[in-house]
Amino acid sequence: MRAELEREYEEFVRGRLARLHRTAYLLCGDAHRADDIVQATLTALYVNWKKASGIDNIDGFAHRVLVRRYLDERRLPWSRVRLGDVPDRTATSPRPEQSIGDRDELMAALRGLPKGQRAVIVLRYFDDLSVEATAAALNCSAGNVKSQCSRGLAALREVLGGEQRIKMGGLAC
Amino acid sequence: MLTEHDLRERLGAVHVPPSRLDTETMLIAGRRAGRRRTAGAVAGAVLAVGALVAVPSVVFGARGTPDVAPAAPRSTTCAVTGLPVPVGMNDVLVSGIDPAGRYITGFNTTEEAGTNQKTGKVDGLPAAQPVLWVDGRPQRLPGSYRSVIPSGVNTAGVVAAVAGNGKTFDTVLRYVAGTPQKLTTPAGRWSFNQGVYVNAAGDIAAADDQRGVLLWKAGSTTAAKLPLPAHAMINGLSDDGRIIGAVVTADGQTLTSYLWTQTGTASKFVTPDGQQMSVNAARGEWVTGNVWPSGTAVRWNTRTGQFTDLKLHTPAHGVNAQGWVLADDTIERPDAPALKLEHVAGDDEPPFVGFLSDRGLAAGNRLTSDKDGHTVSKGVITWNCADRK
Numbered sequence: 053m054r055a056e057l058e059r060e061y062e063e064f065v066r067g068r069l070a071r072l073h074r075t076a077y078l079l080c081g082d083a084h085r086a087d088d089i090v091q092a093t094l095t096a097l098y099v100n101w102k103k104a105s106g107i108d109n110i111d112g113f114a115h116r117v118l119v120r121r122y123l124d125e126r127r128l129p130w131s132r133v134r135l136g137d138v139p140d141r142t143a144t145s146p147r148p149e150q151s152i153g154d155r156d157e158l159m160a161a162l163r164g165l166p167k168g169q170r171a172v173i174v175l176r177y178f179d180d181l182s183v184e185a186t187a188a189a190l191n192c193s194a195g196n197v198k199s200q201c202s203r204g205l206a207a208l209r210e211v212l213g214g215e216q217r218i219k220m221g222g223l224a225c
Numbered sequence: 179m180l181t182e183h184d185l186r187e188r189l190g191a192v193h194v195p196p197s198r199l200d201t202e203t204m205l206i207a208g209r210r211a212g213r214r215r216t217a218g219a220v221a222g223a224v225l226a227v228g229a230l231v232a233v234p235s236v237v238f239g240a241r242g243t244p245d246v247a248p249a250a251p252r253s254t255t256c257a258v259t260g261l262p263v264p265v266g267m268n269d270v271l272v273s274g275i276d277p278a279g280r281y282i283t284g285f286n287t288t289e290e291a292g293t294n295q296k297t298g299k300v301d302g303l304p305a306a307q308p309v310l311w312v313d314g315r316p317q318r319l320p321g322s323y324r325s326v327i328p329s330g331v332n333t334a335g336v337v338a339a340v341a342g343n344g345k346t347f348d349t350v351l352r353y354v355a356g357t358p359q360k361l362t363t364p365a366g367r368w369s370f371n372q373g374v375y376v377n378a379a380g381d382i383a384a385a386d387d388q389r390g391v392l393l394w395k396a397g398s399t400t401a402a403k404l405p406l407p408a409h410a411m412i413n414g415l416s417d418d419g420r421i422i423g424a425v426v427t428a429d430g431q432t433l434t435s436y437l438w439t440q441t442g443t444a445s446k447f448v449t450p451d452g453q454q455m456s457v458n459a460a461r462g463e464w465v466t467g468n469v470w471p472s473g474t475a476v477r478w479n480t481r482t483g484q485f486t487d488l489k490l491h492t493p494a495h496g497v498n499a500q501g502w503v504l505a506d507d508t509i510e511r512p513d514a515p516a517l518k519l520e521h522v523a524g525d526d527e528p529p530f531v532g533f534l535s536d537r538g539l540a541a542g543n544r545l546t547s548d549k550d551g552h553t554v555s556k557g558v559i560t561w562n563c564a565d566r567k
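Sequence lines, in order, name chains A and B.
Using this note's numbering, the first residue of the first sequence is number 53, and each one after it goes up by one.
Using this note's numbering, the first residue of the second sequence is number 179, and each one after it goes up by one.
These aren't lab readings, by the way, just hints derived from the structure by calculation.
Hints may be right or wrong, so weigh each one.
To be verified - Computed list of lysine to any residue pairs in SDA-like fashion (alpha-carbon distance at most 20 angstroms, straight line):
#1 A:LYS103 <-> A:LEU57
#2 A:LYS103 <-> B:LEU205
#3 A:LYS102 <-> B:ASP548
#4 A:LYS103 <-> B:ASP548
#5 A:LYS103 <-> B:THR546
#6 B:LYS395 <-> B:LYS345
#7 B:LYS567 <-> B:ASP548
#8 A:LYS198 <-> A:GLY164
#9 A:LYS103 <-> B:SER547
#10 A:LYS198 <-> B:ARG186
#11 A:LYS103 <-> B:ARG210
#12 A:LYS102 <-> B:THR201
#13 B:LYS345 <-> A:GLY164
The shape of chain A in the complex, shown without the other chains (with noise of 0.2 angstroms):
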């Protein structure tokens, strides 16, 4: 790769790779699997750096790579090979007597969402992304994405329960 292209990657990574990792965390809920994901959405981003600097949102283009990572990574047979993940059981059923943290406690309704609602809810509230740059990162139509929106949303609600209910009138798909 041509220096200048080098540096201009090089900015990219800097001014993203937090974020990206953050948000892969949030999808997947394991560590070294969003860095497993954020290197590999990278390095993809790296080697077609001269066609993606190119494109008018970019930061589109990396998310959706991020995401198809993200969604094709437990296909693969070596995701069976823990790497310190959570058990989606926390998610279904949390014990009564423990004190898990807000935090946590989204970390574990999230879990117990199906994938393409998660990544809808990370997208649109944790990336900020319209609902037509989320269609365009889960290829999808604006209307699937609303609905899958308002599906996840519906079951944050009703895993947090009581006093964490969301208001749902204030959310917007």
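Assemble chain B onto chain A, guided by the hints.
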């Protein structure tokens, strides 16, 4: 009540463990991938070997500092062979190898798994057809299920697989001489999403982390539910019938690995430095896995107690009877230099190497991305490291 603002704030406030990545390591990884692609364009060879010999392997240190493994004196000449796949199968992934290296299992998928991106619903298992290679020759395994994924095979060629037609793998199959037998489960809806294991005798073990661990003795289709802790997960079945597995606390913070007898007597894996250990594979007296929080791959001799931190920040996928540990594209040997498994020149992604026989035959996949960014198989390959010094 949470508002939209609260939800955004809470997502932003979730505690995220430190990343091992930094800008410099991403540049190095990108350059390596770029070199692979360039090398491929020049070589134009499907299975040319050795294009990356001079490129040091980068692994990521726990604090984001790249540890650069020495480029020499590693032996880098394990013979690479591409395995044929049955006609019409285009996305075949390897899923197991027997200890003698004669049998290899895999499966072909024809669609994306899991949640439907458009509806958000789990709309069924991916269609998957099982494949068995015998001495390098592939054959389709029969199975009247939409999805059949083999995940274990022994030296007699007995294959263990999970299967299902709906949303979960609710069935376990045993293939003997290529013919499937359905293994019965106790009453209730069972779901086997962790893979199944077969030992030398032909016993098969599988777990539903909500319902328990089942064992089918060789020749029997009737399951015995083992008296193991609730939510036990399994990662292996030894030839003497013991179960290698783990239990995670309900808050997800603590993972403890165990070796259980079939009567439930537990031996706990306790690392010398008190880290948590996720046991990923076991063979004979050897065990491998990763320890946390360091994240490094380790080798453990359960007979002598010798514990070795391999200092590799990568998943340890397998271990063989010689104590060779397979960690991504590296084989760490107890008494010999590590082996680096070459990437195929021209591939833009590193291969997946997941399985290792006792004599040193490793099996895996070449990988690439399709136009939508999905990871797909570019071919099935083996590395024969049997006589490497």
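20 angstroms limit on alpha-carbon distance, applied to hinted pair LYS103 (chain A) and ARG210 (chain B): holds, 18 angstroms
Satisfaction of hint between LYS345 (chain B) and LYS395 (chain B), Cα-Cα up to 20 angstroms: violated, 27 angstroms
Holds or violated: LYS103 (chain A) to THR546 (chain B), with C-alpha atoms at most 20 angstroms apart: holds, 18 angstroms
Given hint GLY164 (chain A) paired with LYS345 (chain B) - CA-CA distance at most 20 angstroms: Holds, because 16 angstroms separates the two Cα atoms, which is no more than 20 angstroms.
Pair hint LYS103 (chain A) and LEU205 (chain B), alpha-carbon separation not exceeding 20 angstroms: Roughly 17 angstroms separates the two Cα atoms, so the pair holds.
Distance restraint between LYS103 (chain A) and ASP548 (chain B), which requires alpha-carbon spacing of 20 angstroms or less: Given that 20 angstroms is the threshold and the Cα spacing comes to 16 angstroms, the pair holds.
Satisfaction of hint between SER547 (chain B) and LYS103 (chain A), Cα-Cα up to 20 angstroms: holds, 16 angstroms
Straight-line alpha-carbon gap LYS103 (chain A) to LEU57 (chain A), limit 20 angstroms: With Cα atoms ~11 angstroms apart, LYS103 (chain A) and LEU57 (chain A) stay inside 20 angstroms; holds.
Pairwise hint evaluation, ARG186 (chain B) against LYS198 (chain A), where the allowed Cα distance is 20 angstroms at most: Between LYS198 (chain A) and ARG186 (chain B) the Cα gap is close to 17 angstroms, so the pair holds against 20 angstroms.
Pair hint outcome, LYS102 (chain A) versus ASP548 (chain B) [Cα-Cα no greater than 20 angstroms]: With Cα atoms ~18 angstroms apart, LYS102 (chain A) and ASP548 (chain B) stay inside 20 angstroms; holds.
Agreement of LYS102 (chain A) and THR201 (chain B) with the hint, judged by alpha carbon distance not exceeding 20 angstroms: holds, 18 angstroms
20 angstroms limit on alpha-carbon distance, applied to hinted pair LYS198 (chain A) and GLY164 (chain A): The given pair, whose Cα atoms are some 19 angstroms apart, holds under the 20 angstroms limit.
Taken one by one, the earlier hints fail for this structure at numbers 6 and 7, listed in ascending order.
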